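With the hints as your guide, set chain B onto chain A.
From first to last, the protein sequence lines stand for chains A and B. Here this note's numbering is used: the first residue of the first sequence is 1, the next is one more, and so on. Here this note's numbering is used: the first residue of the second sequence is 1001, the next is one more, and so on.
Keep in mind that the hints are not guaranteed to be accurate.
[To be verified] Negatives, chain A to chain B, calculated, CB over 12 angstroms:
1. K33
2. C42
3. N43
4. D44
5. V73
6. T95
[To be verified] Only part of the chain A face toward chain B is listed, based on derived beta-carbon distances under 8 angstroms:
7. K15
8. S16
9. T18
10. V20
11. G23
12. F55
13. A57
14. T76
15. D78
16. Q79
17. I80
18. P86
19. Y87
20. G88
Don't read these hints as lab results, they were simulated from the structure. Bear in mind the structure is a predicted one, so any value in this text is a computation, not a measurement. Backbone N, C-alpha and C define an ideal beta-carbon position, used for all residues, glycine too.
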Amino acid sequence: MATLRIEAQPSAGLKSYTLVVDGHPVPMRSDHKGDVAVHGQCNDGSRHLLNYTMFGATGDTLAVTILCAGHAVCQTADQIVAGSEPYGAGWEDFTL
Amino acid sequence: MIGAAKPYLVALLAAGSLIPTVALAQAAPVPLADPLPVGAPHDRFGRLEDAEIQLTGGTGDGSASLALNIADWEVRGNSTGTAVMKGEETLSLIVSTPWDGEKDALPATLDGLANGTKLTVRWGRFMTSTRTAGPTARAIEIVEAGRATCRGKVDVEFAGKVPSPIAPDATPEQIAAFKARVKKYEDDRAAAINGCNTMGENLLVGTHNPNRIREFVAEMIPYDAYELGFEGSVSRAEFEFLDPVTLTPQSDRKVQWSLKGVYNRYLRSSKTAILASVGYQRSYKAADEEVFCPPNTGAGAVKCTTGSGAAPEKDENLLLALGLRHQLASAGKLRNIAIAPLVTYDALDDVFGVDVPVYFVPRDDRRLNGGIRFGYRSDTDDFTFGVFIGTAFSLHP
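For reference, chain A alone in the conformation it holds in the complex:
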């Protein structure tokens, strides 16, 4: 098992966001950081999936960085657009 460090950067107005790694919701602390355990080891090349959703107003953003043993293995950023308000969603495939 590998423990991934998840770091989120929501914009100030974003009301809510949820991060799910390999089907497991990531409990995020008030500093927008959290940890989740996944199968595999850092640098083993195993494939994983991040799902994210946002709830807020047009222009609200969310950036996510996933670290494995201190090294970034996934970086993504997204935004709620006028057509999707109040929702935003996406995914990111990444390898360890």
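Chain B in isolation, oriented as in the chain A frame:
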């Protein structure tokens, strides 16, 4: 109201305490209904405050409020094979007071507690859902169509930026400059293509496949988000009135209270929020204003006084409300218009009110910040109309 004041004056006339001709001739015009505030409509349902002390209101809803988040905690809902529900519960304390001194700031909402400083305790739950499985085939297809469009735009843009060829007899300096231009062109084009490949799916679809953005949202978010809230409020209001016999000023302080449950649901398939609430209010209403004149003794002009001629009356309401917030379109000219109609029915008094704000958005990249507002109350049969500015339209509080 004039219609209600006349029988009272006639009754006093019969008792010989007033001179009818003076009273009726000098009666100041009383508005048939309190005016709608020149401010933006507020969200009347289940507002969840941020986890900080904050000052809200101003021109928003005719009141200023101070909200203190007492506690909040994360809530995990039921998970299915492909989705997880997650959210938070919040307990907050809110103090609000009318900002403009109107006795009834929002007549069309039938809010009987709007005439005094109010203390509210509110519990709210907000829940959203996220897929636990990978994206659906349709979501991937929508995204890939957006990426293809994005790359196509890059191709079109950079087709017009291809560096011009140089002459066969170009100097070494010209050749070096040409190579630099070609490299910059290739780097810029690669960066633009990479932008298409790495852009977040929501922004990508919203920008390059906007007609399918709601379809994408519905694919990616398993269930509609919702808010559920309960609140209790208590307020104390001071009423001033005249003793109808002595015409001396009187005042009376009354405690008013209410209980309310709210439910808001945010549809994934369209830019629509459905709002519902039920509430009980025990409040007080000031008596109608009248003009009181002392008996004419024949020694000069009579000095009359205007004011309520009786103590406030208890008023109970059982309010059922249903409304929605809706932006008419995600694209095109109608995207500049949004509506937030609210129908409120008082089951105890058999009175209903309709409040219909219509928002206008001035520019595509700005949130709505003004509009017009229509109102109607069945008890007074009054239609009202106003203009509001300052508050942007948003689907959620």
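Results for each hint:
no. : hint : result
1   : K33  : holds, 14 angstroms
2   : C42  : holds, 22 angstroms
3   : N43  : holds, 22 angstroms
4   : D44  : holds, 20 angstroms
5   : V73  : holds, 15 angstroms
6   : T95  : holds, 15 angstroms
7   : K15  : holds, 7 angstroms
8   : S16  : holds, 6 angstroms
9   : T18  : holds, 4 angstroms
10  : V20  : holds, 5 angstroms
11  : G23  : holds, 4 angstroms
12  : F55  : holds, 5 angstroms
13  : A57  : holds, 6 angstroms
14  : T76  : holds, 6 angstroms
15  : D78  : holds, 3 angstroms
16  : Q79  : holds, 5 angstroms
17  : I80  : holds, 7 angstroms
18  : P86  : holds, 5 angstroms
19  : Y87  : holds, 5 angstroms
20  : G88  : holds, 4 angstroms
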